[in-house]
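Peer 1: On the provided structure of chain B, position chains G and H as indicated by the hints.
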Amino acid sequence: MAEPTTTRVPFWRDVRVLTILTQVIFVVVVALVAGFLYANVSTTMRQRGLVSDLRFLDLEAGFEIGEAMIPYAATDTYGRALLAGFSNTLLVSVVGIILSTILGVVVGVARLSPNWLLSQLAAIYIELIRNTPLLVQLFFIYFGVFVTLPSVGQSIEFQGIIFANQRGLFLPRPAPTETFATWAWFILGAIVLALALFYFSTRVKTRYLGWVALLALILLPVLGWFIAGAPLSFEIPVRERFNFKGGMNLSPEFSALLTGLVLYTAGFIAEVVRAGILAVRRGQVEAAYSLGLNAGQVLRMIIFPQALRVIIPPLTSQYLNLAKNSSLAIAIGFPDLFSVATTSANQTGQPVPVYLLVMATYLAMSLFTSLLMNIYNRSVQVLEK
Amino acid sequence: MKKLVLVSMFVLVALIVVACSAPAPAPSAPQVVKETVVVKETVIVQPTAAAKAPEPTKPAVAAPTAAPAPVALGARFTAIKSRGKVICGSNDQVPGFGFLDKATGQFTGFDVDFCKALAVAVFGDAKAIEFRPVNAAQRGPALQTGEIDVLARNTTWTVSRDATWGLFVGVNFYDGQGMMVDGKKYPTVKTLKDLKDASVCVQTGTTTELNLSDRFREEGVTFKPVVFDTADATFAAYQGGRCDAVTTDISGLVARRSLLNVPADHKILDVVMSKEPLGPAVPLGDASWYNVAKWTLFALINAEELGVDSKNVDQMLTSKNPDVQRLLGVTGDLHTGLGLSKDWVVKVIKAVGNYGEIYDRNLGPNTPLKMDRGINKLWSKGGIMYAPPFR
Amino acid sequence: MTTTAETIGPPRTSVGALGWLKRNLFSPWYNALLSLISVWLIYSVGGQTVQWALTARWEVITSNLRLFMVGSFPPDQVWRVWLVVTLASLLAGMSGGIGGRTARNIVFSLAASFGLFGVLSLAGGGYEWHFANVLAIGAGYLLTRGRAQWGRWVALAWLLAFFLTLFILYGIEKNEWLPLIGTDRWGGLLLTFLLSIVGIVFSFPLGVLLALGRRSRMPMISLFSTLYIEIVRGVPLVTVLFIAQIMVPLFLPEEMRLDRIMRAMAGVTLFAAAYMAENVRGGLQAVPSGQVEAAHALGLSDTLVTVFIVLPQALRVVIPPIVSLFIGLFKDTTLVAIVGLLDLLAVGKSVLAQPEFLGLQKEVYVFVAGVFFIFCYVMSYASYRLEIALGVGKR
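Top line first, the protein sequences correspond to chains B, G and H. Note that my numbering gives residue 295 to position 295 of the first sequence, counting from 1, and the numbers run on in steps of one. In my numbering, each residue's number is its place in the second sequence (first place is 1) plus 385. In my numbering, each residue's number is its place in the third sequence (first place is 1) plus 776.
So here's chain B without its partners, still in its complex pose (with noise of 0.2 Å):
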């Protein structure tokens, strides 16, 4: 190697052709086997009569949807009815992730507390979770606990304004009346004032700072309450001939893939937590220790910032399996995107665009979660070096 040479390496061994020859016939492969798959799909579409436009999104639907958030009739079209159907993927997702964080950090602390109950009482939970499906766990909430709650008319309620029953769970709906405006500016008051008290709390080491906060935050709109009187009126549900009008309900099938959801990822993103938790050192948890703060502070001020950036990562991609594993709705006949995509695909007879829409969604969806994820993750790295 040494020696400068004047022999040309001959060209079946250079590894710059063969760098482009590997790929050229990469390529080729590739695009052999894409071509043979599109001219059988484009041959058997053509015998079967099925198109790859989307014209089937401006068709009335004809079908109902049980629950959406946007408002839906039968009379509407298919695009309408999948946009409906996304709407509700949307929602249980979003407060799926929420729910789920909450009650995954919760369980991944205790799972670490000095408490050895509490701490088993999390590893037994955990475990139970994270080893079963979460179908077997769907089909045994929706089936086992929702649909065998009492009927309507042995509604278990509670102090007459909620209802729980095989319907759902209805609640009293909040309605805002003219003085709303009034008690508005008393909450936008109180959230100042908590949110400055509570980073003030954070630079001065008083241990009651943040109790005084909090304290505000909740009185503050109470008080305000009474002196704008009653700026909301509840809409209490009442008992009809076979249902609960008025109110809110959440239907049963919301309710237990909700449910489902979020007891299932809470144990993974514990997990999360527990490991990014004990991936701080101890050294720091002592040496915050030793300067005086309490365990509330440590666990704020020391030990989350730190573990956070360990722990980003991999939420993200529970984040991600939420989304993804709200398509199993279908199973228990919540509506959301792939069971009215499955409805839609099978009146329509149109299966190829409506499939391939819905997954392009899926995909959208899951990259702009990750997006979203990696810029925060960015800004809570600690810079290195």
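What the hints contain is simulated information worked out from the structure, not anything from laboratory work. Keep in mind the model is a prediction, meaning the values are calculated, not measured. Positions of the beta carbon are idealized from the N, C-alpha and C atoms, including for glycine. The reader is advised that the hints may include incorrect statements.
Stated by the list, open to error - Quick look at which bits of chain H chain B covers, simulated, 3 or more residues with Cβ under 8 Å: (1) 945-958; (2) 1147-1153.
Stated by the list, open to error - Chain B stretches covered by chain G per the calculated footprint, using a threshold of three residues with CB under 8 Å from any CB of chain G: (3) 42-51; (4) 138-149; (5) 276-289; (6) 347-359.
Peer 2: Positioned in the frame of chain B, the structure of chains G and H alone reads:
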């Protein structure tokens, strides 16, 4: 050196791929394909169809295909023959129609018997079937993509389905959509209007799902659909009390009611929400296969009309009735137009019986379902079941 | 990962049971409160669960046990499944003889449970196979005890046994002893296992190729691998399975048809390969670049470096993640129930449609969950011990 080995491996793979894709319509460029497509569509071109049939890897069961078929077989019929079995999209959850007998792992039922008849017609063997359970929402795509050769799964014949899913071969059961409620819980419910704001369990991807919203819209009352992907889940939810009512074809309600805890508690409302002509369907694109399926169904109905059944079919071979003679292939050569063997109807009737026998065996008075023939009686006996003649 | 001592800090000197209680349950005031809440939780939930378990109608399980295990596999051919299980037991015994304490414990518990089931079924019959399994485990164990150098061969035997299993179950056409059993008759736990094992075995080489492809310096190959991995990871498994079950015939010529179960296996494999690739890539990144540079300096070509230097080190690191991938896959195979295959969960669903067992959802789903729990827990425990033994994941 190692690189060389790698490269040559790639080349080899490429060669194999090219070789494999060669018999397919034009291996690479899609532009070329568009032209060949036309050839594939015109099924009448005999040599292509014959040439395209690959060497049968498995010997066709009982090989009744020995008779030279002068009719041009389409791609699907050819594929079925070389495969040696019919792939039958079936229901595994409706007692009486299509049901997986869990103890034996065998499919039985009214629709399943049609598949068996088809298998006998083509192969002379009722076992030459692969059952492919499909739920309501999957059956359309399954038929369109050609995943199944025939869909025999209490499916309603509609114009849009004929246009997009596949071709319906006829009606083997005239039905109507009904509504079932718990009569004990809601004794006063008589009509759809009484079901205002009720929750109704329904299976997704069905005509019932569409009719449901049509009828309620027509009545001007609102309701809440609770939609499931399988019949089992739908009725489990109804049984559990998740819904006030459940809707499907009346035959399905009757069949399903027999499985509920206390069948007598549940009443089927005296309303027929729609016409539901149920029948088998085959994928688009092969007229020869469509004919075989269609005339298998007609053969079953004609056999009942002519009094040919599984017990007397051998005696009937000597019948003087020219209609019977033509049906059983004693005279004439009607079978050649279908590409089947001469005695195909004899074999079919021997194996599964005529339409009436199939009905009685699966749904009739001696079964738990005890379904009256009603309008499904032959036209000559006061019903509307009618088949074109064998001529 | 599992419930072990990792969380307990440096050793403490405990002063009797009371001291332990005080320190661990009641030390600051809020801990006492938490303990009380925990006790209440355990009492109310646990008490109800036990009460339910004692009154539940378990006959729905016992009378359908064969369905749960093998689905609609022909009853007179179930011996083939047993044969496969016994083969696995023999190999498990051999692995137990070679492996460490954990492997031994697991294998012994396996033998003990077979023994227990055998004794339980003494009255009802069918105990022969249970005891045969105990014997097979014992024989395997004695054969390899103290012969750690056989490890490689046992691993090879596992791989061979995998293909032998497929052969035994599938059979030969028109054979008297081993008649062909179409894959449409495979079901229950058997199908669940086959799907996940096939998925993991075949996704492994695919995943390694994709991981290498993604890190490749050749832009086309790297682009293709990255696209594949990201797209597959971005869509739900159920859509992949749905496409595999319904849409695949569109892509094939009319006369070509893939078997349903095989398509489900292909779907699971292609799906798992993307996740496998990311795991392997993690392992590849963990190999210090000095290793690669040193190998290059010794004059090894790229291919040789990859095969003999990088991959062995990378794969050692990724064994635990692969085990968790397998557990995930094992659980995820339940999704085939949605597309209409008769796996363990689908059997559960169809059993619930039997008129005499209506409304026993809790019993059936708890049983199905229990089966999954046992297998997943054992696997995750084993993987955790393996992690320690391999010295990875150590801080």
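Peer 1: Each hint needs a verdict: does it hold in this structure or not?
Peer 2: Quick rundown of the hints versus the structure:
Check result for the stretch 945-958 of chain H against chain B: violated, 0 residues qualifying (beta carbon to beta carbon below 8 Å, three or more required). Three residues within the 8 Å Cβ limit are the bar, and the stretch 1147-1153 of chain H against chain B gives 4, so the coverage statement holds. By the rule of at least three residues with a Cβ nearer than 8 Å to a Cβ of chain G, the coverage given for the stretch 42-51 of chain B holds, with 8 such residues. With 3 residues having a Cβ less than 8 Å from any Cβ of chain G, the stretch 138-149 of chain B passes the three-residue criterion, so the hint holds.
Under a criterion of three residues with beta carbons nearer than 8 Å to beta carbons of chain G, the stated coverage of the stretch 276-289 of chain B fails, only 0 such residues being counted. Three residues within the 8 Å Cβ limit are the bar, and the stretch 347-359 of chain B against chain G gives 5, so the coverage statement holds.
The structure shown violates the earlier hints numbered 1 and 5.
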